[in-house]
Amino acid sequence: MTASGMKEIVLAGNPNTGKTTVFNALTGLRHTTANYPGVTVEKRAGMMKLKNGETVSVIDLPGAYSLLPRSPDEKVVHNVLLGAQKGTPPPDLVVVVLAANNLERNLYFGTQVASLGLRTVFAVNMWDAAQEQGLGIDLNRLQNMTGVPCVPTVGTDPKGIEKLQAAIEEELAKPSVRENTFDPKISPEVRYKTIENIVTAIVKHPGEKKITLSERIDRVLTHRVWGLLAFLGVMTFVFQSIFSWAQVPMDWVSRGIEYLASWTRAILPDGALESLVVDGVIAGVGNVVVFLPQIMLLFFFIAFFEDTGYMARAVFVLDRIMKMVGLNGKAFLPLLSSFACTVPGVLATRTIEDRNDRLATILVAPLMSCSARLPIYTLLAAAFVPAKTFFHVFSLQGATLLAMYLLSIGTGLGMAAIFRKTFLKGNQVPFVFELPPYRMPHFGTILAAMWDRSKEFIVRAGSIIFLLSIVLWFCVSYPKNPAAETSFSLLKKQAETSLAGDALKSRLSEIDQTQKDFQIRTSFAGSFGRAIEPAIRPLGFNWEIGIGIVASFAARELLISTLAIVHHAQSEGEGMTASLIEALQSAKSPETGKPLYTPLVAIALMVFYVFACQCFSTYAVLKRETGSWGWTFFTVAYMTGLAWGSAFIVYQGGQLLGFK
Amino acid sequence: MPTLTPVTLDQLLPGESGVILGYAKAQALHHRLKELGLVEGTRIKVKRCAPLGDPMEFVIRGYHLSIRKEDARCVLIQKDEDADYSCGRRHRHRSGS
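Chains R and A, in that order, give the protein sequences. Just so we're aligned, residue 1 is where the first sequence starts under the working numbering, counting upward by one. Just so we're aligned, residue 1 is where the second sequence starts under the working numbering, counting upward by one.
Bound-form chain R, shown alone (with noise of 0.2 angstroms):
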């Protein structure tokens, strides 16, 4: 029981039972997401009203083939089962839900699940496609057999979930007397022998063997030929959906987040409390939040592959591609991802079972070159890298971008395979994976699902990014110079004296421009940008791209906007892109009188990006998903080193070979 005097019900069963369904159709919405302490396991809880009135919660275990864990989230349905989980109570009643078409295996976790001595249900899902393959199932036997209450389930049909509320309610009504008999010590064999017996005399198989709809798909979704072009086909639509789909509703948010800021820049006094909100928090969670689109739409995806069953083929199909560098195909999608956001990519990887696989491709999902990295690329490929075309087809600058992305693809799989080969070695589970039939989507299962990811996205990444949009603000805006700020308020109030109309209006913009560079010039991000010249000298980078590169701790994305402070780049809508880079290119050294920016610095600036690690949400994903710092640590330092070591040599060989 828990705390609170509520009973405790959990559901478990083997992976693609619809488990997930029936546990929504029991509780309703209303659920929580959270994660057992210590471990990356997802534990979904909610609750449910029985006949007499009494409200008792219910928990969705993850999926797991035995009580004997070989993965960390058969270990959590271990512990919970058998009362040893910390914050969970020892179960009142298990729901063990079973795929009715594919009975045998499923009884081999069901039957140990029933030996346990809790009190058990057995809600045998899925009835409907059973019945469509012809297949005779006679659960009272089922029931005699095992000594457990069977209900036959079809997902959320009302009828079969009222029927499963009803046996659990007269389940606990019972008093749980029966013993633990689980021995771990049966082997399987044995345990499938009497399963065995159980199969043959409960389900009568039909005559003829139907080819059904679901082999009939998978002849083509896995052939030779049609099952490659229909993944590189699915594959383009997902990847052209989130990047330009994703775009209308991506500008709505950021046309919302601006007309927020001004709407509190117009109610809040001006000061350092207006600052605060609209420069630091708003433009911080601003930047994360802009992404939510993007994000919620890669979730529904891959709740729909899971849900119709495409995703396994697509893992079938990929796997052999993906074990070339050490991983398996389970990793496709979580990298995919990473394309979009390195946070959605680093949860999705919690499909992987093995701890090695699983970790591995974590460490390398953010070398993917995220959405957030794509401005930069924009901007300089516009500014550096001539307008040519070759053929009236390929541009020279789509061809860079193109560079930048092979780029992260080749070295975070280059990177995989090496620690595959060194300290991640090895697997403590054989790869396998079920093929299951195909279904038909259930959306609402769906959607919850990707709420569920998208409303852990916001929480996580928004929280972290608020405290150090917080942080990086004082930064950028601290310490004050009164001085310097008198002589400006002077100098605006003598423009105001001596000019009017659209001259006066120009010379504001102008003092405000040179107070923001003055600011940021002198700010704690200032001086520590300058400190860390030293060290990006030798990349060709001057101190102004050392700020932006400690502002892009935050956001990337702020390279770009601190770029246009300290240039005096108008920062005006649609014009900033365009006087931007008008300003890159004239940006003089003043010692030297030569550009500030040439192509090869460009370049290797590019490099840096595609390569370095500058994201608070990822060390925050990082450290929740490997459930350590010192992983966290250690893809920081080995990115900053691969972003460093290859802009150096970008640059230094750049210069040997004549380039500018």
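There are no misleading hints in this set.
Here's a subset of chain A near chain R, in silico, CB distances under 7 angstroms, partners left out:
| id | residue |
| --- | --- |
| 1 | Arg32 |
| 2 | Glu35 |
| 3 | Pro55 |
| 4 | Glu57 |
| 5 | Arg61 |
| 6 | Tyr63 |
| 7 | His64 |
| 8 | Ser66 |
| 9 | Asp71 |
Sample of chain A residues lacking proximity to chain R, with all beta carbon distances greater than 12 angstroms (derived):
| id | residue |
| --- | --- |
| 10 | Thr5 |
| 11 | Pro6 |
| 12 | Val7 |
| 13 | Thr8 |
| 14 | Leu13 |
| 15 | Glu16 |
| 16 | Leu76 |
| 17 | Gln78 |
| 18 | Lys79 |
| 19 | Asp80 |
| 20 | Glu81 |
Computed Cβ-Cβ distance ranges for the label pairs, DEER-style:
| id | chain 1 | residue 1 | chain 2 | residue 2 | range |
| --- | --- | --- | --- | --- | --- |
| 21 | A | Gly15 | R | Thr389 | 49 to 57 angstroms |
| 22 | R | Ile409 | A | Arg73 | 27 to 35 angstroms |
| 23 | A | Gly15 | R | Lys51 | 50 to 58 angstroms |
| 24 | A | Gly53 | R | Thr264 | 58 to 66 angstroms |
| 25 | R | Gly398 | A | Gln27 | 44 to 52 angstroms |
| 26 | A | Gly15 | R | Asp251 | 51 to 59 angstroms |
| 27 | A | Arg73 | R | Lys388 | 49 to 57 angstroms |
| 28 | A | Gly15 | R | Gly5 | 52 to 60 angstroms |
| 29 | R | Asp251 | A | Gly53 | 40 to 48 angstroms |
| 30 | A | Glu81 | R | Trp451 | 51 to 59 angstroms |
| 31 | A | Glu81 | R | Ala166 | 45 to 53 angstroms |
| 32 | A | Gly53 | R | Ser628 | 34 to 42 angstroms |
| 33 | A | Gly62 | R | Gly410 | 36 to 44 angstroms |
None of these hints come from the bench; they were simulated from the model. This structure is a prediction, so every number in the text was calculated from the model and none was measured. For each residue, glycine too, the CB sits at the ideal point set by N, CA and C.
With chain R fixed as given, assemble chain A onto it according to the hints.
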């Protein structure tokens, strides 16, 4: 004349089936395969190979399971005689069954 020499699971071609005899070498990893139903005396059928040749898809106990060839190599099989005798896995796989 039935073949008495066992073959390994990865040597079966799509459409072929056999009965599991055991495991080539004892490894902790194999316990999971057993728990998934690959125990002695179980009939297993090759459904297909992935487009790039690996992993393989099997039908066992009425469900579809994918195993990499390197893991399938450890499973010893008594091949069913109804299918053509295969000369080994170097043979190009026909897709489908």
